[in-house]
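Undergrad: The listed protein sequences correspond, in order, to chains A and B.
FYI, in the UniProt record's numbering the residues of the first sequence are 1 to 138.
FYI, in the UniProt record's numbering the residues of the second sequence are 1 to 555.
There's no promise every hint is true.
As the list claims (entries may be wrong) - Label pairs and their in silico Cβ distance ranges:
(1) A:HIS109 / B:ILE69: 36 to 44 Å
(2) B:LEU66 / A:LYS68: 26 to 34 Å
(3) B:GLY518 / A:PRO111: 53 to 61 Å
(4) A:ARG94 / B:LEU350: 47 to 55 Å
(5) B:MET85 / A:ASP98: 53 to 61 Å
(6) A:HIS113 / B:LEU300: 17 to 25 Å
Hints in this document: simulated from the structure, not taken from any laboratory.
Just so you know, even glycine gets a beta-carbon here, dropped at the ideal spot from N, CA and C.
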Amino acid sequence: MYRKIMIPVDLAHLDLIEPALAQAADLARHYGAEVCYVGVTANTPGSVARTPAEYQQKLEVFANQQAKVHGQPVSAKTISSPDPIADLDDELIRAIDDVGADLVVMPTHPPKHLDVIMPSHGGKVATHTKASIFLIRP
Amino acid sequence: MANDPQDEKPQEPSTASEGIPAPEGAANLIDTDYVIGQDNITASPMGIDVDLHGKVFMVSSIVILLFVILTLALQDQVEPIFDSMFTFLTTNLAWVFLLGANVFVILALVLIFTPLGKVRIGGADATPDFGYAGWFAMLFAAGMGIGLMFYGVSEPLGHYGTAMGGISMGEDGLRTDWAPLGGAEGDQAGAISLSMAATIFHWGLHPWGAYAIVGLSLAIFAFNKGLPLTMRSIFYPVLGERVWGWPGHLIDILAVFATLFGLATSLGLGATQASAGLNYLFGIPDNNVTLVLLILGITLVALGSIMLGVDKGVQRLSQLNMALALLLLVFVIAVGPTLMIATGVFENLLGYVKNLPALSMPFGREDANFSQGWTAFYWAWWIAWSPFVGMFIARVSRGRTVREFLIAVLVVPTLASVVWMTAFGTTAIDQVVNAGITEVQDAALELQLFTMLEYLPLSAITSFVGIVLVVVFFITSSDSGSLVIDSITAGGKVDAPKPQRIFWALIEGAIAIALLLGGGLGALQTAALTTGLPFTLVLLVGCYAIVKGLMSEPR
């Protein structure tokens with residue numbers, strides 16, 4: 001049913017996306033789908049990588065590790081942004097079309113009052129894309 | 001090798017920095033073991049994520065808090081101390097500011113014409129993040145903005161008055177007048193020309209030279225060398241790995257201090273001026289309630305803008321800003337003395353170039369009042385602002401070549417200042433000289449723009465546009481400033497959690513309100529200005545770092 005699953009990955013906070021990774025791996029195996037790991041990073045030097053190219057390199061290594069877990073084809077895409085914190089949602093929404101994903105698996109948090117001023121990324125992405133979104137709560 | 005300060009030879013990108021790929025296309029990364037954010041503290045108090053550089057954040061917060069409390073509690077004692085400190089700096093060390101600023105301008109101008117100008121920020125194949133219109137609007141709105149609104153009328157008028165008055169000597173043989181250079185006693189044309197040259201001098205190459213040096217050195221060391229985007233990075237060629245320790249912390253703390261107090265005090269003083277304008281135009285009571293509401297409003301819009309980010313928030317506001325400013329400028333040119341302004345632009349540019357060597361001379365000045373009270377004051381101001389403006393323009397300038405950067409940061413804004421100052425200054429002087437209207441000259445400083453507009457058609461609309469511009473200029477300074485402080489206190493991370501930037505924007509507004517109500521804004525502004533001296537030295541190091549850094553870039 002799904003041909004390409006996209007997972008937004010933050011290499012600096014891998015612990016937070018563990019459940020999403022496991023779910024995506026199961027789904028990928030079930031549907032025989034390709035998994036695309038997408039990272040949005042600052043174009044300034046950061047904690048994970050000092051250049052966007054280095055981030056892409058690390059993301060590819062990560063994707064290949066995941067491929068060993070689920071045995072499905074993988075790809076990695078790094079998006080660099082001048083203000084990743086603010087542009088994250090838009091960049092992810094654009095990436096869904098760019099990579100041609102039909103399912104997005106991403107972690108989110110339970111609704112909270114703060115969402116009024118700072119909506120969750122998962123919720124924001126889900127309202128702006130045609131692809132199916134699987135939001136995983138901790 | 002790549003991090004050896006003695007190494008002058010251009011590096012092959014493949015040999016630099018063990019295995020870390022160049023940003024985009026050839027660039028020469030610095031080889032360091034420092035991991036950005038390694039000294040950061042991450043926590044999640046009350047469900048709000050934070051990611052901060054422990055020492056820089058803690059020390060600067062405590063220093064800022066202490067300063068505010070001290071100023072509020074001991075206002076009468078503190079103010080004279082800061083004042084005498086600053087007077088000492090501008091009288092005795094004026095030459096440091098003047099000399100330093102000349103170095104910045106000369107280096108920036110020279111770099112345009114050298115092969116080093118071909119180096120691209122962010123690597124040889126990097127593409128710009130922002131289009132020309134948005135990029136330039138952001139540079140200009142962060143760099144000057146508000147001052148143009150207030151000094152566009154009052155500074156040419158002020159210099160014109162003192163120049164006409166000519167030289168007067170005190171009993172001690174020192175000049176007591178405030179005329180620039182030798183003045184132009186009784187010579188109307190000469191006084192106009194001199195006053196415009198002096199104004200453009202203060203708003204032309206020199207302020208932008210300081211911004212360009214900070215901006216360019218930070219951009220090169222962040223985007224091409226892979227160091228964090230904070231002030232300390234430009235010290236890498238001098239201090240080496242020590243920049244990650246206390247010497248670096250101190251530089252960053254000083255930058256936070258200068259930026260926050262610079263912003264908070266101008267937010268407070270700006271609100272005072274906007275409130276005076278509102279009172280003058282609409283009779284809205286000019287009291288504390290209006291002031292607090294204005295600051296709250298400005299802070300709220302700035303908050304919205306930083307939540308939306310650089311691209312959708314700051315950039316769009318800056319563009320709105322530019323459009324409004326352009327509208328006002330075109331209007332003044334059209335309904336003012338159009339011919340005088342048109343010829344004035346060229347005459348003033350010429351007058352500026354002609355008087356530039358004398359005006360920028362650091363030594364043997366006879367016009368002490370002017371060169372110390374005006375020029376050194378301005379230079380301290382621009383330089384104290386340079387960490388903030390420089391860091392912000394560095395962040396949005398990836399993908400530009402050094403030459404493009406310098407032309408956009410140095411030459412274009414200077415020309416824009418020439419046109420702006422000529423339009424507003426000439427119109428005001430024309431009112432005084434040819435129409436015999438003296439109200440503008442007599443009006444309070446913050447009302448001179450509005451008084452001038454009153455003698456032009458459609459003054460209700462233009463004055464309102466004027467006030468909106470003042471407010472929007474503040475918002476664009478406030479939002480970009482909060483982003484800069486956030487990234488310095490997060491150890492150079494620009495992707496620290498959102499609540500942090502909100503925190504800084506709120507603190508800025510809170511300090512402005514506290515000082516406005518409790519008094520002491522002027523004292524704190526003076527304190528911010530005194531950081532101009534250490535930053536002059538920081539910028540001189542920046543000059544060295546730029547040359548050093550660019551020499552080792554592939555071009």
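Undergrad: Mind listing which of the numbered hints don't hold for this structure, in increasing order?
TA: Going through the list in order, the structure violates hints 2 and 3 and respects the others.
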